[in-house]
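Guided by the hints, dock chain F onto chain H, whose structure is given.
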Amino acid sequence: QQQVKQSPQSLIVQKGGIPIINCAYENTAFDYFPWYQQFPGKGPALLIAIRPDVSEKKEGRFTISFNKSAKQFSLHIMDSQPGDSATYFCAASKGGNQFYFGTGTSLTVIP
Amino acid sequence: GAGVSQSPSNKVTEKGKDVELRCDPISGHTALYWYRQSLGQGLEFLIYFQGNSAPDKSGLPSDRFSAERTGGSVSTLTIQRTQQEDSAVYLCASSLYGDSNQPQHFGDGTRLSIL
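The listed protein sequences correspond, in order, to chains H and F.
Just so we're aligned, residue 1 is where the first sequence starts under our numbering, counting upward by one.
Just so we're aligned, residue 1001 is where the second sequence starts under our numbering, counting upward by one.
These aren't lab readings, by the way, just hints derived from the structure by calculation.
Watch out, some of these pointers could steer you wrong.
Cross-link-like lysine-lysine pairs, in silico, DSS-like; alpha carbons within 25 Å at most [unchecked claim]:
hint	chain 1	residue 1	chain 2	residue 2
1	H	Lys42	H	Lys68
2	H	Lys94	F	Lys1057
3	F	Lys1015	F	Lys1057
4	H	Lys15	H	Lys68
5	H	Lys5	H	Lys94
6	H	Lys57	H	Lys5
7	F	Lys1057	F	Lys1011
8	F	Lys1057	H	Lys5
9	F	Lys1011	H	Lys71
The shape of chain H in the complex, shown without the other chains (with noise of 0.2 Å):
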């Protein structure tokens, strides 16, 4: 069973767009939702993370929008650049102890 789902699984925006990337879980024990990005033969590197008592967190151009009692989350990139094509992925965990990922968005931004 996926405990994290993530939608689209690709995406392609014009650079300048805002791409958005969707997750959504079920269990309400989960206290820590990371997003992570990964370039190919690399491994992937956190981007930015938000608690469940906060609705929204920016970093830079990256923003995570987050709904409690939707259970969902999103990720926003503001002034996408060709530099931002990579795999995304949306993760959850609860204590820290195991983490669950999403199975990952890949994102193209077009010059």
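This is chain F only, laid out in the frame that chain H set:
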């Protein structure tokens, strides 16, 4: 280097052989995680080490998989009698305390191919 180091970066072996994958975490990190990433899939949790506590092995897919962490630092993931379905990228991550507040730092993985 200061990051998580994994070796080998690529491994090709025949079905039925045993393989060992190595992970050197960031110095001082007490928590260490192993994941498996299959093509087009997310990361599948395998095992978690936290300090001197008993590891959480709940993600290991079969008894052919085992892992050790010696001296609270280097970890080795062993796959015995490899099968073709074991082909994947195996990722290791470490974090300072294994607490939710601590980000995981990933290595670049070992790409395992079983012929």
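Here is how each hint holds up against the structure:
no., hint, result
1, H:Lys42 with H:Lys68, "violated, 32 Å"
2, H:Lys94 with F:Lys1057, "holds, 16 Å"
3, F:Lys1015 with F:Lys1057, "holds, 24 Å"
4, H:Lys15 with H:Lys68, "violated, 31 Å"
5, H:Lys5 with H:Lys94, "holds, 16 Å"
6, H:Lys57 with H:Lys5, "holds, 21 Å"
7, F:Lys1057 with F:Lys1011, "holds, 24 Å"
8, F:Lys1057 with H:Lys5, "holds, 23 Å"
9, F:Lys1011 with H:Lys71, "violated, 40 Å"
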